Structure formats: C-alpha cells, structure tokens
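Participant: Chain by chain, the residues run as shown.
Number of protein chains: 2
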Amino acid sequence: MHSLSSLRTKLEQSIAALSFQDKPVELYEPIIYTMNLGGKRIRPLLFLMGCDLFDGDIESSLRPALAIELFHNFTLLHDDIMDKAPLRRGKDTVYKKWNTNIAILSGDTMFAIAYDFLTEVDPALLPEMLKLFTQTAREVCEGQQYDMNFEKQSSVTIADYIQMIRLKTAVLLGCSLKLGAILGHASPVDANFIYGFGENLGLGFQLQDDLLDVFGNEDKFGKAIGGDIVTNKKTFLYLKAMEVAVPNDLSALKHCFSDPKIQPKEKVNRVRDIYTRLDIHEKTKDQIDIYYANALKCLQEIHVEENRKEELKALAKQLLFRDF
Amino acid sequence: MHSLSSLRTKLEQSIAALSFQDKPVELYEPIIYTMNLGGKRIRPLLFLMGCDLFDGDIESSLRPALAIELFHNFTLLHDDIMDKAPLRRGKDTVYKKWNTNIAILSGDTMFAIAYDFLTEVDPALLPEMLKLFTQTAREVCEGQQYDMNFEKQSSVTIADYIQMIRLKTAVLLGCSLKLGAILGHASPVDANFIYGFGENLGLGFQLQDDLLDVFGNEDKFGKAIGGDIVTNKKTFLYLKAMEVAVPNDLSALKHCFSDPKIQPKEKVNRVRDIYTRLDIHEKTKDQIDIYYANALKCLQEIHVEENRKEELKALAKQLLFRDF
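Quick mapping for you: the protein sequence lines, in order, are chains A and B.
Be aware that the first sequence starts at 1, since it is given in the working numbering, and climbs by one per residue.
Be aware that the second sequence starts at 1, since it is given in the working numbering, and climbs by one per residue.
Just chain A, same shape as in the assembly (with noise of 0.2 Å):
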C-alpha cells in the first residue's frame, strides 16, 4: 500500500510531465498554465487512495486520475466565467489572463482530454467508469445551474442548498473514488460504499469551506474572508441563521443582505456578529460532524483490513476539519 505522500508525489510528477504539443498554442496554454496552477488535488488523489484501498496498480492509474483533475480544472475555467472571477489560486483566471473565448474554447478541449485519458483503462471496465464518469459530469453542471439560480431565488431551503453542493461539489468526490475502485477491481458494494464515503466528505468540505470564508483566518485560508457575504451568497450559515433567528436578529440579517450601502467590511462584521450570536459556527460543526460520521460508516463497511483505511481516514478528518 501507498502512503498519502507518496501518492501526492506520484501525481505531481504526472502533472509535471503533461505536455500538449498540440497547436494552436492558444488554446493548449491556457491548459498547461489551469492544471500548473496547483491546488490540493484532492479529486485524482482520491482516484489513485480508492484504487489503492483494493491493491490495484497505481502507475496505471495515474492518467485516468488525471482525467478527473483535467475534468475539474475545465468546470473551474467556465465557472470563473459565469462567475465573473478575476482570480483563481491567487493568479489570474484564464478568461481575464487571455479572454472569455479563449477560456471556453480551451475549456471545451480539456473536458474532451479527460475523457480520453480516461479511455485508456482496461476496456472491460470502460463501460462502467464512462457511465459513472458521464453521469458525474451532468450532476456537476446541474449543480452549477442551480448555484446561478439560488442567486435570483428569493427562497431557498436548506435542503435545497444541501442539494446543490451534493451535485456542484459532491459527486465528484465520490466518483473519484469509486473509479480507481473500480480500476481496483472492488465489489460492486465496496464501490457503492466507497462513493457513499467520498459524496459525504464533500458535504461536509464544503459547509467547511462556508465556515472558513467567514470564520477562518485569512493568511491560512489563502483568500479575503467574508467574500459569501459581501457577494449575498446564500450558503449553509446564511440558510441557518434564516431558520433560527428570533425576529430581531432575522431583520438585521435580511438589512444586511439588502442594503447596498453598507460597506463590505462593516456588512462583514454585522453578519459575523449576528452568526455568532445565534451560534452559527457550532451549529454548522454539529452537521459537519454528522457528515464524518456518515463518511466513516460507509468506510467502515467495505470489505478490506481496517488498516488499509487509515489514510482515507486521516485525508477526511484533515479537510473536514481544516483551517486552511
């Protein structure tokens, strides 16, 4: 079995060695420039830690590990479009570096190179990984969908929301897993499992990420803290916050959210003093933790020796309770 870093480290040199010689350089730069832009590769790791959880071969594992990293990083292109972000990982994003043509096109063209990395596995087994894979991809886009709309939709539900980082986000955990199960010829249980494992880490990730943007430390978290609520995003700890607030404080809330004249830094601390009152922060954890929980009863249902699960373990209890 693999340890973390030495998976890590695998995947980085797979990274470092992609080249497209392809012409025209204008749409295979913006490619090398996204996938050289780092990041925690959490999804092609999670492909190469639920193949090694069934001993399967990781060398031949490392370009369809690749197809998911190159799928993601082209939802990332044509996300930073449609959210008119100017940075991605503290560099500019490709539509801004080149432009929005440059950055769909270039978009379009590594979707088409994940799926043919992702070809290249055993044909046996290409049906299964390609449904999975397809079907991903659409719950992924449908999630974004309905990230847009929450932005115009006066009422939106928890579950609603719960629903919509389970496909934007979600998803592509679990199906990251379950492929390099699948590569590693696990059971078609242990590879249900396996993804139940992966959908509930990414729950709980992002309501982590919510948490931070608000209640993180800027320097480890690596952007401005309260950006959700200076963009009126309707996350997790706004959703809460709506749902338990006493009247007063619901007021406050919904002033905050639609006064265009308070300036983002005092909206940042109204807010925050408000969650805080109302105990958001805990109340966010106490779900979060119910997603550990639910991630570590599917883990602890597959069908391998309790000590080849560490890693995934230690992986989940790391970016669920990150402060980075």
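These are computed hints drawn from the structure, not numbers from a lab.
Careful, some of the hints might be misleading.
Pairs involving identical chains hold if they fit within one copy or between any two copies, as the list cannot separate such chains.
[Said to hold, decoys possible] DSSO-like mimics (lysine-lysine), calculated; alpha carbons at most 30 Å apart, straight line:
1) K152 x K97
2) K152 x K23
3) K131 x K152
4) K96 x K152
5) K84 x K97
6) K283 x K254
7) K40 x K220
8) K267 x K283
9) K23 x K84
10) K97 x K317
11) K313 x K23
12) K23 x K233
13) K97 x K285
14) K131 x K96
Values in this document were obtained by computation on a predicted structure and should not be read as measured data.
Knowing the structure of chain A, use the given hints to seat chain B on it.
Facilitator: Below, chain B alone, put in the same frame as chain A:
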C-alpha cells in the same frame, strides 16, 4: 438497405422523441430548443449511412448517431457565443434567448450527453469509437481556435485555410461515417476509406458554403448574401482572389476589406465584381470538383457492392453542388 429518406425519417423521429425530464429546467430547456431548431442533420445521417453501407443494425445505431448531432449542436452553441451570432437557423441563438452563462453550461451538458449516447454501443467497439470521437472533438476545437486566430492574423495562406476547415468541419463528417462503419463491423481499411470520403466531402461542403455566401440566391440560401465579405472573413474565395489578383484588383480588394467607410451593400457588390473579374467562382468550383473526385475515389476503394454506394454518391453530389 435503407433509403436516405427512410434513414432521415427514423432520425427525425428519434430527435423528436428526445426528452430530458431532468432538472434544473434552465439547463435542459436550451438543449431541447437547440436540438429542435432543425438543420440538415448531415452528420447523424452520415453516421447511419456509414453503418448501413456495411449492413449494420440501424435501430441500435440511432442513439449513437444522435451523439454526433448533440456534439455538433454543442459546438454551435459555444461558437455562437464566440462569434456573437444573434441568429441560428432563423431563430435566436441560446446565448441571446437566455444568456451567456446558460449557453456555456447547457453546451457543456450537451457534450456530456453526447458521450452518454455514444457509450451505449457494443462494449467491444467502445474504445476505438471513443478514441476517434474524442480526437475529433479536440480537432473541432482546434479548428475553431484557428478560425478565431485568422481574424486577427494578417497573413493566412490557402493551405492554412484548408487546414482550418479540415479541422473545424471536415473531420466531423469523416468521423460520423467512420463511427457508423465501425458499428457496422467494417474492416479497418474500409473504415479509413469512408473517413476519407467524409473528409473530402466536408472540405468541398465548406467551399460550397463560402461560394453560396457570395454568389448564392438569398431566398434559397436562407441567409443574407455577402455576410463573409461584410465581416472581412478570410474565406477560400478571398484568399484565392488575393493569390491571383493583378496589382489593380489587389489594391481595390485590400481597400474594400480595410476601409470602414464603405457601406456593407456597396462593399459586397464591389468585392463580388472583383471576384467575378478574377474568375473566382470557377476557381472555387474547380477546387470543389477536386474534393468531389477525391471523395468518390475513397468510396470506390471500399469493399462493398457498388450499388450499395449509390445513396452516398447521391448525397455527396447534392451537398457539393447545392444552391441552398
């Protein structure tokens, strides 16, 4: 064997039967809208004809054939954003009717669904078909990028232009036929010849399109004549004219393409006069004839009874010598 009209009927029925009960509707409505805009359906028809030539099963090929139509429509959806095209087949383009974000995302979803439909083929044939499809998808993106590059590039040769339309248009016709042929269990040699037939057909098809844009009948062609001239597009006609023009015509042509004070209608008339003087209509026709002959040569090499090839020959003639 099936007649062209019976294949067309089956195809139209499959398209009409397409339904995506999926949510969110904001994502799936534009897909249904786009698929129902009509069009010649050349690509999926070629897919079915390629399959039929080798006596493959048509019923089970309908959904894989639709994969090509979905893919093609996805590219149109994104191209229309990039080209700022307000109309497609006389109706609002998706980014105009909805918005750019929805056009990006529903396009991405169509691309994924195309893979879904293709994945339904016999697993034994899947890897080869996927590789060809993905390779073609990348080439189509490359062609679109070259097309955008040429807008800003001062010097474009005829060879550059042919390579661009080969990638942007021709390879998908070749791919459609070859995918159908693979499904019909054609030999690798025959499958490559039918690809060659489609590629030459595609090159001729695009030149005929360039020709109709200048010399077509507006009512029959279905769009305004001279659009390429108004937008300074470096088509085969323009590049050929630049190649053969004597100094006087050369400077007149350059003047037309660079002086923004010339009114569109006047510009189209002047350029068409120059083209006529330089015999560009005939020169383009000659080039189309070459592609037509090449296509027929490829068809001739295929090991099936000659009478089975009649429908493909008729279609080629119809497409390359059309006036609409």
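Participant: How would you classify K23 and K84 at a CA-CA limit of 30 Å: within, between, both, or neither?
Facilitator: Both ways: K23 and K84 sit 28 Å apart in one copy and 24 Å across, limit 30 Å.
Participant: Since the copies are identical, ignore which copy is meant and state whether K96 and K152 lie within 30 Å (CA to CA) inside a copy, between copies, both or neither.
Facilitator: both (25 Å within a copy, 19 Å between copies)
Participant: Using 30 Å as the alpha carbon limit, work out where K313 and K23 are close: within a copy, between copies, both or neither.
Facilitator: So K313 and K23 fail the 30 Å test inside a copy (43 Å) and across (34 Å) alike.
Participant: With identical chains, the pair K23 and K233 could be close in the same copy or across copies; at 30 Å between alpha carbons, which is it: within, between, both, or neither?
Facilitator: Intra 40 Å, inter 22 Å, cutoff 30 Å: inter-copy only.
Participant: Should K97 paired with K285 be assigned to within, between, both, or neither, using CA atoms and 30 Å as the limit?
Facilitator: neither (37 Å within a copy, 43 Å between copies)
Participant: When Cα atoms must be at most 30 Å apart, do K152 and K23 count as within-copy, between-copy, both, or neither?
Facilitator: between (40 Å within a copy, 17 Å between copies)
Participant: Evaluate K267 and K283 at a C-alpha cut-off of 30 Å and name the case that applies: within, between, both or neither.
Facilitator: The answer is within: 21 Å in one copy meets 30 Å, while 68 Å across copies does not.
Participant: Given identical chains, is K84 near K97, meaning Cα to Cα at most 30 Å, within a copy, between copies, both, or neither?
Facilitator: Both: 13 Å inside a copy, 20 Å across copies.
Participant: Classify it for me, K152 with K97: is the Cα-Cα distance of at most 30 Å met within a copy, between copies, both or neither?
Facilitator: For K152 and K97, both the intra-copy (28 Å) and inter-copy (18 Å) Cα distances are at most 30 Å.
Participant: My question is about K131 and K96: at a cut-off of 30 Å on alpha-carbon distance, are they close within one copy, between copies, both, or neither?
Facilitator: neither (34 Å within a copy, 32 Å between copies)
Participant: When Cα atoms must be at most 30 Å apart, do K97 and K317 count as within-copy, between-copy, both, or neither?
Facilitator: Neither way: K97 and K317 sit 36 Å apart in one copy and 46 Å across, limit 30 Å.
Participant: For the identical chains here, do K40 and K220 meet the 30 Å Cα criterion within one copy, between copies, both, or neither?
Facilitator: Cα proximity of K40 and K220: one copy only (14 Å, versus 56 Å across).
Violated hints, listed in ascending order, are 3, 10, 11, 13 and 14; each of the other numbered hints is respected by the structure.
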